[in-house]
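Got chain A sorted already, so can you dock chain B onto it with the hints?
Protein chains: 2
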Amino acid sequence: MSTNGPVSDEPTRLAAIVTPMFAGQSGASYRLSDGATAQLLAGADAQDDCAVFRLDGSQELVLGSDYVRGAKFGLYELGYLDDYDVGYYLAMANFSDVAAMGAQPIALLSVIRYPKAMPDEDFAQVLRGINDACDQVGAPNVGGDIGTAERLILSASAVGVVEAGRSLRRDGARPGDRLCITGPTGIAAAAQRYFGRLDTAGTRMDETDEQILLNAWKRPRARVAEGRLLSTGGVVTSCQDSSDGLKAGIETIASRSGVGFVVEEEALPVVDAVAQVAKLADIDLIPLLLGDSVDFQLVFTVPAEHVPALRESFDEAGLDFHDIGVATEAPDLLLRTGDGTTRELPGAAWRHAT
Amino acid sequence: MSTNGPVSDEPTRLAAIVTPMFAGQSGASYRLSDGATAQLLAGADAQDDCAVFRLDGSQELVLGSDYVRGAKFGLYELGYLDDYDVGYYLAMANFSDVAAMGAQPIALLSVIRYPKAMPDEDFAQVLRGINDACDQVGAPNVGGDIGTAERLILSASAVGVVEAGRSLRRDGARPGDRLCITGPTGIAAAAQRYFGRLDTAGTRMDETDEQILLNAWKRPRARVAEGRLLSTGGVVTSCQDSSDGLKAGIETIASRSGVGFVVEEEALPVVDAVAQVAKLADIDLIPLLLGDSVDFQLVFTVPAEHVPALRESFDEAGLDFHDIGVATEAPDLLLRTGDGTTRELPGAAWRHAT
Numbered sequence: 015m016s017t018n019g020p021v022s023d024e025p026t027r028l029a030a031i032v033t034p035m036f037a038g039q040s041g042a043s044y045r046l047s048d049g050a051t052a053q054l055l056a057g058a059d060a061q062d063d064c065a066v067f068r069l070d071g072s073q074e075l076v077l078g079s080d081y082v083r084g085a086k087f088g089l090y091e092l093g094y095l096d097d098y099d100v101g102y103y104l105a106m107a108n109f110s111d112v113a114a115m116g117a118q119p120i121a122l123l124s125v126i127r128y129p130k131a132m133p134d135e136d137f138a139q140v141l142r143g144i145n146d147a148c149d150q151v152g153a154p155n156v157g158g159d160i161g162t163a164e165r166l167i168l169s170a171s172a173v174g175v176v177e178a179g180r181s182l183r184r185d186g187a188r189p190g191d192r193l194c195i196t197g198p199t200g201i202a203a204a205a206q207r208y209f210g211r212l213d214t215a216g217t218r219m220d221e222t223d224e225q226i227l228l229n230a231w232k233r234p235r236a237r238v239a240e241g242r243l244l245s246t247g248g249v250v251t252s253c254q255d256s257s258d259g260l261k262a263g264i265e266t267i268a269s270r271s272g273v274g275f276v277v278e279e280e281a282l283p284v285v286d287a288v289a290q291v292a293k294l295a296d297i298d299l300i301p302l303l304l305g306d307s308v309d310f311q312l313v314f315t316v317p318a319e320h321v322p323a324l325r326e327s328f329d330e331a332g333l334d335f336h337d338i339g340v341a342t343e344a345p346d347l348l349l350r351t352g353d354g355t356t357r358e359l360p361g362a363a364w365r366h367a368t
Numbered sequence: 015m016s017t018n019g020p021v022s023d024e025p026t027r028l029a030a031i032v033t034p035m036f037a038g039q040s041g042a043s044y045r046l047s048d049g050a051t052a053q054l055l056a057g058a059d060a061q062d063d064c065a066v067f068r069l070d071g072s073q074e075l076v077l078g079s080d081y082v083r084g085a086k087f088g089l090y091e092l093g094y095l096d097d098y099d100v101g102y103y104l105a106m107a108n109f110s111d112v113a114a115m116g117a118q119p120i121a122l123l124s125v126i127r128y129p130k131a132m133p134d135e136d137f138a139q140v141l142r143g144i145n146d147a148c149d150q151v152g153a154p155n156v157g158g159d160i161g162t163a164e165r166l167i168l169s170a171s172a173v174g175v176v177e178a179g180r181s182l183r184r185d186g187a188r189p190g191d192r193l194c195i196t197g198p199t200g201i202a203a204a205a206q207r208y209f210g211r212l213d214t215a216g217t218r219m220d221e222t223d224e225q226i227l228l229n230a231w232k233r234p235r236a237r238v239a240e241g242r243l244l245s246t247g248g249v250v251t252s253c254q255d256s257s258d259g260l261k262a263g264i265e266t267i268a269s270r271s272g273v274g275f276v277v278e279e280e281a282l283p284v285v286d287a288v289a290q291v292a293k294l295a296d297i298d299l300i301p302l303l304l305g306d307s308v309d310f311q312l313v314f315t316v317p318a319e320h321v322p323a324l325r326e327s328f329d330e331a332g333l334d335f336h337d338i339g340v341a342t343e344a345p346d347l348l349l350r351t352g353d354g355t356t357r358e359l360p361g362a363a364w365r366h367a368t
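Quick mapping for you: the protein sequence lines, in order, are chains A and B.
With my numbering as the guide, the letters of the first sequence map in order to residues 15 to 368.
With my numbering as the guide, the letters of the second sequence map in order to residues 15 to 368.
Just chain A, with the same shape it has in the complex (with noise of 0.2 Å):
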């Protein structure tokens, strides 16, 4: 089967195969035999978190899919991870998708592919973690495909929907904007170096701890109520869920937009887990917080005059966002720590890291 040319690593294979396959896709549109129509407003070509349709009548639909490594999570492997927990996790991984674009998830299909031997009840827990987050969301799992393979296999699509115009894309931060994220990071990644390495007599953190740490892979929540009051509110211009980690979002935002970052140290909010992670494993805290971390947490650009009114709706909601950055006109992404002075922003670039 296999020729025998190069092999790139996956940000080269996009940039070089899969971008100029996509090129100039939205737009195209769809007419039925009774008038209605259906828009792709954004294809891959817009490389977001999710396609946008604009359908007759006034919302827009969005739909993402995310195949999770679930049965491959060293965590799973290593028995911290249960089978429900890989289902829920499918789920809110595709929910954070829509989440990310502002919109409704309105339901989820699920790919589930077991392998023949697996017993009834592990099967009707990956379901029921699957279920359990959607019943979280609101959003029902409608189906999909559920059969065998020579191992777990999970995959889903997320469906939404946005109000016209509404929906939250990641190329329209300017300079000025305040680069915003609805709360901490580096929780996933901290949990990856703690168990199975740190967890053991001279090292042990509390159980408080342990479970805020684990519970970044057990319990993951789609920022679903953060993503529709920016979205509903308006003034948001760009927006992505930092499933990637921090710097990986930043930097997507950076490149679609046409803009750079200045991101304040002491402003990045910490997680004391992560914190005694660092300690433990001695290590950079901040490159564990902007590195490779999946917290499915929301990064978004806004006006910096619309912040307060921002932080108002969120208040009301209870619920919360930190101010850590701001866009700049210089394309370079910046740390500005404590003492004033400035440095490249740390942290593993997008999947070069993987």
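Worth double-checking, as some hints may not be accurate.
Just so you know, same-sequence chains aren't split out, so a pair can sit in one copy or run between any two.
Said to hold, decoys possible - Calculated cross-link-like contacts (lysine to aspartate or glutamate; reagent style DMTMM-like; alpha-carbon spacing at most 25 Å): (1) Lys86 to Glu164; (2) Lys293 to Asp223; (3) Lys130 to Glu164; (4) Lys86 to Glu280.
It should be emphasised that the hints constitute simulated quantities derived from the structure, not laboratory data.
Showing chain B alone in chain A's frame:
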């Protein structure tokens, strides 16, 4: 991870675990801040080819997901199919679900996970196959998920729109309705019987026949035009694709609609190459036509009085279908042979064979 409980086969698992978990889901609805609504008309509980939503405005949205074995296809592993072919197949298999709902495909979301060592050119071929199939049905591949895994894993979701009230379900067949199919079946199964087993000196067929068999896998065709004619005509009472085999398709319509069927053996369309394979392999032809064969035809029912007008609309479009039997009040699935006797419909039941 694993509990040590029972391990059921797939139909048992679906009946015992999956179906109860999804009961009563259809009917859920969502309202946006501008008053736009999204209602789930057919969820997982409807057990149809796709889920169906009514959005604000007049059209219905259909959504389905299919994982394909792809790299685990026997004919791929034997070298009869290449990376382009499995990509093409992935897209068409998904569009077939949309076609079976009578909808116009508007997009594909694709999940492509590939081994790190896969050469760029092979990866590009997968993507080209997907995109060319998308071009064939006029619906773009709007992205999804691209990343690495320990082997090539292919999954996708297809999206379509259909005029309100016109989606083709599985549950509307009535006694007396004619049972029809858009074309011959058993070709995909015959290809599996032939290649790598019978394509040697003594039993080799001519190249044209070999191509007909192989094309069932290399260039499957989702019956989009046929599905659109069936839905816009407004007379079809049930429809699904034959991707689980013809008998499985008939079984599903029967059980969902609460009817039985008598299939006329002599009315079943037969491709000569398939008949040749049955002879070469010394197996009965009829079970080959009815059994587990992924041919992506549409199986549908239509009141007898509407068959002539439907035939005319198909003729005008240069398309074809075959009237192969009748729906009955009695729930049995029967085959009537040339001499007028009936027996139980042969062929493997749904998925018990895999």
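Hint numbers contradicted by this structure | 4
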